[in-house]
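Colleague: Listed below, chain by chain, are the residues.
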Amino acid sequence: MKHAVVHRRLLAATLALSAGAAFAQGNTALDGIAKYREMLQDGNPAELFEMKGEELWKQKRGPKNASLEQCDLGKGPGVLKGAFTELPRYFADTGKVMDLETRLIHCMVTLQGFNEADLYKAAPSIGRGEGANLVAITTYVATQSKGMRFNLPFNTEQEKTMYEVGKRLFFQRGGPHDFACATCHNTDGGRIRLQELPNLTKNPGDGVGFAAWPAYRVSNSQMWTMQKRLNDCYRQQRFPEPKFGSDVTIALSVYMGVNSKGSESIVPAIKR
Amino acid sequence: MKKAFSLALIPVAALALSACSGLGSPDYDKIHAEAVKASFQANGIATLDYLKQDPSNELCSAADVAGKPLDEKTTKALEEAEMKTIKWPSDGKFLGDWKKGETIAQSGRGLTWTDTATTVNGGNCYNCHQIDKKEISFGNLGPSLYNYGKLRGVTDPNSPQAKAIVEYTWGKLWNSRAYNACSQMPRAGHKGILNEQNLKDIMALLLDPQSPVNQ
Chain A
271 MKHAVVHRRL LAATLALSAG AAFAQGNTAL DGIAKYREML QDGNPAELFE MKGEELWKQK
331 RGPKNASLEQ CDLGKGPGVL KGAFTELPRY FADTGKVMDL ETRLIHCMVT LQGFNEADLY
391 KAAPSIGRGE GANLVAITTY VATQSKGMRF NLPFNTEQEK TMYEVGKRLF FQRGGPHDFA
451 CATCHNTDGG RIRLQELPNL TKNPGDGVGF AAWPAYRVSN SQMWTMQKRL NDCYRQQRFP
511 EPKFGSDVTI ALSVYMGVNS KGSESIVPAI KR
Chain B
0 MKKAFSLALI PVAALALSAC SGLGSPDYDK IHAEAVKASF QANGIATLDY LKQDPSNELC
60 SAADVAGKPL DEKTTKALEE AEMKTIKWPS DGKFLGDWKK GETIAQSGRG LTWTDTATTV
120 NGGNCYNCHQ IDKKEISFGN LGPSLYNYGK LRGVTDPNSP QAKAIVEYTW GKLWNSRAYN
180 ACSQMPRAGH KGILNEQNLK DIMALLLDPQ SPVNQ
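As you go down the protein sequences, you meet chains A and B in turn. Residues are numbered in the numbering used here as their position in the first sequence, beginning at 1, plus a constant of 270. Residue 97 in the numbering used here is what sits at position 98 of the second sequence, and the numbering runs on without skipping anything.
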């Protein structure tokens, strides 16, 4: 039932958008897209991922037949509220700066007994197996910080190093098109075609940029986490592929997360 | 997996080192280079070669990180070097077919890891520029190119009066950095994104008095 309702709403919104686009120009077109997003908020399919994630969080799974409820995401075992808006952060138990997804994998390994290499191998496939499960758990955990403001602790040398590395990655030009992250995300009010681009060198505003993920993408009916978002940015940037959870993905997340201090998370967001 | 996560240990090592030797903060450039090396993998046509920076990309990236533009001398030297890479039309003809140029300008395809070696590359032009006024879905990272030829007084692209602007436009499309050392615009000819015929067609889109751009 829920699916049918969601799909009907999507269809209505899509029709409204295409009708709008035919007459629209400039800001009018952007207003049309904003209205379309607003209509979609009413029946965001991300809720289905959130529900699945909650089940997986509480379910006893893996070789150790344990749940994730004792996972420490930085604010103590089992504390979910506000954990997401303080990630990535440095974890003394692993000696690493971790984002939500790599920390969840850590908990799936230590608490549930899953094989780490297997999880990293499965993670990029967001539509199936443990990859899909990780997306759902990520969505659930992140949503527990909905409406909270990003405030990474950013008080260790390791985090500072990651920020500095992230900054260098952000401005790193390369590939056949000489693109860097900065090519598109270093300016206010920029657009690719009609797609607005957040300025990621600072707090781009509430629910924008880093604070807009994880998000459900209507165009391909997929739930995208920050790892997936960064992966596809690098694809479009004409770079080689970043490995899931690799240092460049963590460093860029620290760079964006620190810059986004004070920005309200609207997770789970909905995108075109 | 071990390799991919080696970075987290480096700051500790760097800290220990600086504590002993009295050196300052960690060498972030070095740690960045190591992170890049450990983190990327080739996928299809997007090989690790994509990461190799020419002097221009190296210097422009460093200037962006520092938040300071390149000094005048370096800027001049880079622009001169880029100018030398420009290949002029082999048959002396600068303009092709504006209709084909419009198709190329519309396409943003090519050279990603989901493309193949036989994918026809687009020019990505509308992603950043307004061009034909009929296309309302255009980006704004670059200036509007609507009426490009008309605004510059080009009534006959083959005339001596138009020679300077025709040559500049070709050069800018071939290698934008010949005119602006750290331009954000892809070096379409120099990096082999578009071939000579593609560029002639784009030239026609911008400069042909019959092109919708100049109506």
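Mixed in with the good hints there might be a few duds.
What the hints assert, rightly or not - Okay, the calculated bits of chain A under chain B, using three or more residues with CB under 8 Å as the criterion:
1. 452-464
2. 471-481
3. 513-520
4. 525-534
Source of the hints: derived by calculation from the structure; they are not laboratory data. Values in this document were obtained by computation on a predicted structure and should not be read as measured data. Every residue gets a Cβ at the ideal spot worked out from N, C-alpha and C, and that includes glycine.
Colleague: How does the region 471-481 of chain A fare against chain B when you require at least three residues with a CB closer than 8 Å, holds or violated?
Modeller: violated (count 0)
Colleague: Mind checking, does the region 513-520 of chain A have 3 or more residues with a CB under 8 Å from chain B?
Modeller: Per the Cβ count (6), the hint holds.
Colleague: Can you take a look at whether the region 452-464 of chain A is actually covered by chain B? Rule is 3+ residues, C-beta closer than 8 Å.
Modeller: It holds, with 11 qualifying residues against the three required.
Colleague: Taking beta carbons only, do three or more residues of the region 525-534 of chain A come closer than 8 Å to chain B?
Modeller: Result for this restraint: violated, n = 0.
Hints 2, 4 from the earlier list are contradicted by this structure; the remaining hints agree with it.
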